[in-house]
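Chemist: Going by the working numbering, the residue at position 140 of the sequence shown is 140; the numbering climbs one at a time, nothing skipped.
Hints are computed from structural coordinates only; laboratory data are not their basis.
One should not assume that every hint holds.
In silico DSS-like links for lysine-lysine, alpha-carbon gap of 25 Å or less [stated by the list, open to error]:
(1) Lys824 <-> Lys808
(2) Lys1122 <-> Lys1132
(3) Lys1143 <-> Lys1122
(4) Lys1132 <-> Lys1115
(5) Lys1143 <-> Lys759
(6) Lys678 <-> Lys170
(7) Lys1115 <-> Lys676
(8) Lys843 <-> Lys992
(9) Lys1052 <-> Lys676
(10) Lys1074 <-> Lys676
(11) Lys678 <-> Lys824
(12) Lys139 <-> Lys170
(13) Lys1115 <-> Lys1170
(14) Lys865 <-> Lys846
(15) Lys146 <-> Lys276
(16) Lys294 <-> Lys224
(17) Lys763 <-> Lys678
(18) Lys302 <-> Lys417
(19) Lys139 <-> Lys126
(20) Lys302 <-> Lys224
(21) Lys1128 <-> Lys1143
(22) Lys1074 <-> Lys1035
Per label pair, the in silico range of CB-to-CB distance [stated by the list, open to error]:
(23) Ser439 <-> Met396: 50 to 56 Å
(24) Leu634 <-> Gly960: 32 to 38 Å
(25) Glu1127 <-> Asn131: 44 to 50 Å
Note that the Cβ used here is the ideal one computed from N, Cα and C, for glycine as well.
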Amino acid sequence: MVLKMTSIGEKSPNKKMTTEESASEEENDEFIESDEESLPSDNAFTDAINQSVASKRQLEFDTDEEEDVEDERTGEHEPPKRKRKKKKLSTANMKPPTAEEMIRLRETENLFHSNLFRMQIEEMIKEVRPNKSVRKQVKPWIEKLKELLLNIDDSAQKPLTGKFWPPEVKSPLPHLPEEVSKGESSFLKPLSVSAVGSYAAGCCLGPSLSVDVVAVMPKKCFLKEDYLNGRYHRKRAHYLALLARVLQGSELVAGVRWGLPWDSLSPHLILTPTGKLDKVQVTLSVVPQQDTFKLSRFSPDKNNIRESWWSCGQMEDCRTATPIYNMSVMRELVMTANEAVRQQTLENNNNLKEAITLLRVWLRQRQLDVGPWGFSGYLASMLVVALFHLHRLNSMMSSYQITRNVWLYLGQTDWTKEGLTMCSTKQEDNTPSLQDFHSHFEVVFVDTTGHCNLAAGIHRLTYQRVKQEAQLAVQCLDNQDMNSFQALFMTPMPFLLQFDHIIRVKTKKKRMEMLLRKESSVENRINNCFTMEALFTSIVTGMLETGLGGRLEVLAYQLPVEQQWSVAEECPKKYQSLVLGLRLNTETAYSIVEKGPPANEPQAAEFRALWGSRCELRRFRDGTVCEAVVWAKLGAPLAERRLVTKQMAMYLLERRLDLFPSCLTYVADQLEPLIKEKAFIPDGLEYGSGEEASQAVVRTFDSLAKQVRELPDLPLDVAGVHGISAALRGVEVFPPLAGGGRPQAKTGMEGPTCWVLTKFFGKAPEYIIPIEGVIELGLSRKWPEDPEAIRRIRAALNIHIAKALLDKYDLQTQAYTDHVDVFKEGFVFRLRVVYPREVVLLKECKAPDGKVSYRDTPESLQLEKYTLHLPKLTGALHGLQQQWPSMGVACRLAKRWLCSQLLDNSHVPDVATELLVASLFLSPEPFRPLAQPQPMFLRFLHLLAHTNFHLEPIVVNFNGNLKKEDLMEIESHFRSERTALPPLYIATQYDKSGSVWTREAPTLPVLLRLAGLASQSLTVLETKFLSSALLEECKVVFRPPLELYDALIQLKALQLARLSQAVDYETDSPFQLKVPKVRRQIPITGFDPVQCYLQELRESYSDFALFFHDTYGGKTIGVLFKPSAFEKQEFKVSHVNCRKPVKDGKKHLLTLNLSAIIEDFYILGIGLVKTIDLSPKYSQE
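Turn these sequences into a full structure, and let the hints guide you.
Modeler: Right, here's the structure in full:
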């Protein structure tokens, strides 16, 4: 869970909190913005929202900081707390709340979610409005545009036919069959020009401004039968082209472009004003004069495209219904009537306008309003108007209540079965019924005239996404344990982060036409003759829904963006790639068998036709004989079972729809090979992505723990054996593999119980991870009170335990002073005996006068992690990994990426990374947890890139054990003690202080560096995934930039114990290693020369430099010198280390001896260091 205290993004300057109501009606009158405007990118849009909301909560931080008494550091780990001086409040200066304040408090209690929620809404609405100064300049510009268009001289204009098309403007229409018109009509100037849309309604979005302007074409511009065969669209485009020629010669406009907001037959002009308004976008559309055509002529069951014209005479006219073509004309015929109803409803009703703004922000963050086929802001505003007229909303409701009721309505209704209509009664006898619309459209929302389906362009899958997101929004509002405002309005949701699998289909015109001829009827092709992409999308998604069935929870497609191009250029190819998103149903997606109907049922023939040669008859355990398709062998690893859906989808697309593999890009597991073992795997182990290896470790550890608990003759009973290793949590990047008992003669010599490292070795032994656990003994008064005596007793217990395991279970063991190594089934387990009271004894400090005090020490803190926190955390993370198997792999990818950026455990603690990934599963809002690890890793990058950790605490609430009171306590502690807390604050029910795992790292510079790296990596991966999705191209984000380091220590490959785990390590196939069946000597465990070298460097030179390294096979150590190291110091004995004397005038000072430090690096790493490369600014020295 992330307790969102402010918005995502940078901290904005402090602003004085205000309790003003929303903008006055005069401000709203200045809004004349487009509903289908082109808005900025998600990041810019979110940053604009964030500025003021962040300042509200930041003001609280600043106020607290001013009141806090600065603690004095005493050299201890935690500074002593000083009591605040309580100020006596004078009752004489206290004023009772005013009547206005009391009314506001009562309104907040009755009309809003909370007081904070109300303030956040008010501040966000202020921020998303375009700049006030720009709005003031737009109004006179629109008046000038209106004057220009209404004063066009139409006396010399030529007829609206193709022969007289203006040569300097290219046609935006696709190639249409030739049509012989029965007459001509000439150009006439517009009857009226007016601003419409959300700008006029006062509910537009910023920060950039887009204005929608509509010009009305006179009725005389059309002939009686211009509704047929695209004649209306030809004349409309010609009319716009003539307006574009006029505007090109005007001083008002700096640029004119074509745009396609709906379909390829309905273009509009996009104008860029001159001067200071060059950032404003003006959309100019034309609509016919009312009563130009009868509305009934465009009812869904009418035909307005003749088959003979469409087929160039190859087909006879069958008068097939053309509802999609009809709605493209109808939408413009009824625009004026619908706009009048909308403006009348929203007039003098600020709460409705604010609610529409909230809904548009909500849609924008989820990318549901993108392009021509999205759930646009115009549709959202018409929905609010419709619900208002149906008395489901009223003017007394607050913006929050209106928004909540709209979400409730969307979640509880289904426009695919029973649509919404704004027409209460039939205005004419030939007005189509709601059922007529349902018989021709997937989604139905009828306008005020009763003739136009406003949702005609929305695909059923897009509507279902809106419905599901509305249901989730209500759940967020009902969840009192989270800040729902942040999840609903502040968090952008990129398409790639919302789904388990992504499929990209390259759509080429010829291939698309062949597929449509094969899979669709002539009627459908005629109906969609100008929206072939929509028909292609329906065929592909329909096939996937039929084949994948219950394996899918959600199937969606990425909405295409609106195309724009210069009016002087030819119309670009409109065929964009189809990008599909699949969210898997975790209950059924992992099944390796697709069970069909019984062989004797009629549906069996359809199942066989669908799956072809892959289908076979199988008898199941319940005795039934059914058609079935087997996609993987029995006992397949989880990674393979996760990709069963991929096999099925690719089969359907390639075999059933005849799409070439080169046209398909499937994004699911491209990054998982980076965490697969490349050197060797145990014989008979299905490695997959490593989950099975982790499960084998857990099973063996549980067996060992049982054996330890049953050991006889121990002085104390064993209270428990707990795992603390990352492998037991399922989050070890490369899990330990059985078979560690292989000979190590080249690097060590065989001892009585274990292999011993020789003094000189030519090649480092392969790294073997010790699997750590703690043995908790029962409480007893016999334990001494001296820490040193406890350590001696522990050593004796280690010897006793080692001998008992060897005698009773024939396990090879080796006792040490602080732990016992046990070799069992090819794994090396490292067990430590812990005494809980030892932590208290290590904190004990005795003053000279005999007074005892308790203070944290580095030793006590480290022991507390092992004995108290880590066992509980290991159990919680293991349980979460059992609930969401993708959690382990996602965490391993995150840790692998961090190390690949040379940020190892000393810079970003592994446990902190694990907790950050766990928060994505426990508090995923506004997302949902996914079954595929790769998108969860992308969310991890998104979290790092877009979270301001200085203002937002991370709370990981395992099993919901933290209640509302606990969460409030954690947030209060975070706010009041922020300056004393670490930069990354992660709280759990086991550590409400939030500083156990991040007390020393990461530092603030590392967090800032992480945010930049994560943002760039996320951008690169999104681009690569939607282009080729090849592993080699995606590896670029796992290769660190080395230019920023002052020195690079190059290491010898033969001395890298983890060389096979490197990103670019190549091998044909892993070596199959047999697991030892008999007791062998314990191999060399936990030895990595590079880590030993790094430890020495950090212990010796941490005051002068930072060291960065990739733990998993990195060949380079990056050295970054601290700026303070180059400062000259006074000539003192305490400053002599790593410095040399220099003379500065008459003074003798000390400066950094860089050459001696580099020489020390060589000496410490003799045999390991290959070369040391200095950056140009230090190479000369």
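Chemist: All hints are to be evaluated individually against the structure, with a verdict given for each.
Modeler: Each hint tested on the structure:
no.	hint	verdict
1	Lys824 <-> Lys808	holds, 13 Å
2	Lys1122 <-> Lys1132	holds, 20 Å
3	Lys1143 <-> Lys1122	holds, 23 Å
4	Lys1132 <-> Lys1115	violated, 38 Å
5	Lys1143 <-> Lys759	violated, 45 Å
6	Lys678 <-> Lys170	violated, 58 Å
7	Lys1115 <-> Lys676	holds, 19 Å
8	Lys843 <-> Lys992	holds, 20 Å
9	Lys1052 <-> Lys676	holds, 23 Å
10	Lys1074 <-> Lys676	holds, 19 Å
11	Lys678 <-> Lys824	holds, 23 Å
12	Lys139 <-> Lys170	violated, 30 Å
13	Lys1115 <-> Lys1170	holds, 10 Å
14	Lys865 <-> Lys846	holds, 24 Å
15	Lys146 <-> Lys276	holds, 19 Å
16	Lys294 <-> Lys224	holds, 10 Å
17	Lys763 <-> Lys678	holds, 18 Å
18	Lys302 <-> Lys417	holds, 22 Å
19	Lys139 <-> Lys126	holds, 20 Å
20	Lys302 <-> Lys224	holds, 16 Å
21	Lys1128 <-> Lys1143	holds, 10 Å
22	Lys1074 <-> Lys1035	violated, 32 Å
23	Ser439 <-> Met396: 50 to 56 Å	violated, 39 Å
24	Leu634 <-> Gly960: 32 to 38 Å	holds, 37 Å
25	Glu1127 <-> Asn131: 44 to 50 Å	holds, 46 Å
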